[in-house]
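For the sequence shown, numbering that gives the first Met the number 0 assigns the number 0 to the initial residue and increments by one for each residue that follows.
Calculated from the structure, these hints are not laboratory results.
Glycine is no exception: its CB is placed at the ideal position from the N, C-alpha and C atoms.
Incorrect hints may appear among the rest.
If you anchor each label on the Cβ, the simulated ranges turn out as follows [said to hold, decoys possible]:
id: 1; residue 1: Thr135; residue 2: Asp354; range: 35 to 45 Å
id: 2; residue 1: Lys143; residue 2: Thr359; range: 48 to 58 Å
id: 3; residue 1: Lys309; residue 2: Lys260; range: 18 to 28 Å
id: 4; residue 1: Lys356; residue 2: Glu265; range: 53 to 63 Å
id: 5; residue 1: Lys309; residue 2: Ser174; range: 20 to 30 Å
id: 6; residue 1: Asn250; residue 2: Ser132; range: 48 to 58 Å
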Amino acid sequence: MKPDGKTIYAQSSDIKSRTYLEYRKDMKKKAISELEVLPWLRNKLKSKYASVVVEKSGGDSFLWFLRKGGISRDADFRARIDDKEMEIEFQYADTDIKDNYVFDFKISKVATKIKGKNSLEPKDTIFLYLFKSSPTKYAFIPAKWILDNGTKGVAPAWGNREVYKIIWSQLSKASMIEEDKSLSAVWELIDMKLFILDFQHELIDIFKEQLSHKLQKVIDKKQIIEIIPQDLNSFFEVCFVLDSINKIPQNANRWLIYLLKYVNDENTLEDISKIIYCIDFIYAKIPQLKNNEIEQLIKNLKLLLNKISKFYQPDGSYVSSSKKSPLENTRFALFSINLLEDLTQDAIYYYQVSDLKSITKIYENIPDIGKTYDFIKRAIESK
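Could you put together the complete structure from these sequences and hints?
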């Protein structure tokens, strides 16, 4: 599978000191915001212009992570406004904004070099900037304005990359700050989903604690644990240990097909979380799936998602077994949904699978985000 020519791979800087799942979790934070903002952005532009079409760059195959790490040169959104094509970059500040607050804009996103000249010309790009501490405020900032008014500097958070710096007072004086009360609801959804992302990802730490003695044996003594995957739990343990020490199973294609046999009518949410963890781990290690393998995978992804949905409860929780608390069951379900949505987009992106519905909003497979968020908060507070 060939990497996209528009992609810059940066394995060492992007995934350094993080597991693949941790990397994807970090990449998903901005993607959650982008996908929640998109409907609002469409409506806002339609109120300003006669003809507007706005889409997420990448369309149905938009991917918020890359297997080998790295970033894409693509803009966050592509727009056609009154028959004019333009790109829209999305940024937000998640801290309090003061008069001397500095906004950074990557030079490569703002301008391009003019051939044969030592000068830059602005891109046909607009920056949408939101302010979490002032959830009703926003600004549309043209690249030309940034080029004309920005000061060159470096951004430590971006590896000391050269950027244009704009101060809050400059935006205020230019009357670029606008207000829309409907933005508060968008921020509310973003915050709920980021909370759920952190909550479900804690399952990795729970698994680590449960398998700590086995992980310690491998990491400290440099020994490979002798576990033959004879059942789902042992299969999961092997995959988790291999993932932790960055090892790839031999005959990964065969492992994947064997693993799919564990999908059955008796699966609890805990079983499903382990199955999907293993699928996700093995699938990412296979350079190219064969047609029959991808067909079996897609069939089982659909089946697993359907199983999870049947365990959904009216209060927003998920329950499949009385052996685990509703909070634990819900974490298993959300963890599984998270990985299933990743696998869905990966299959669409890398294999052009048309038999899957693309993910237009992260956690869209949770029936009622608000109810699930409230259930988790109540359950944690009552502990």
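Hints and how they fare:
1. Between Thr135 and Asp354 the CB atoms are about 41 Å apart, so this pair conforms to the stated range of 35 to 45 Å.
2. The supplied range of 48 to 58 Å is broken by Lys143 and Thr359, whose beta-carbon atoms lie about 32 Å from each other.
3. Distance hint check for Lys309 and Lys260: the Cβ-Cβ separation is about 21 Å, which falls inside the suggested range of 18 to 28 Å.
4. With their beta carbons about 27 Å apart, Lys356 and Glu265 fall outside the hinted range of 53 to 63 Å.
5. Lys309 and Ser174 have their C-beta atoms about 53 Å apart, which leaves the hinted 20 to 30 Å range violated.
6. At roughly 52 Å, the beta carbons of Asn250 and Ser132 sit within the given window of 48 to 58 Å.
The structure fails to meet hints 2, 4 and 5 from the earlier list, while all remaining hints are met.
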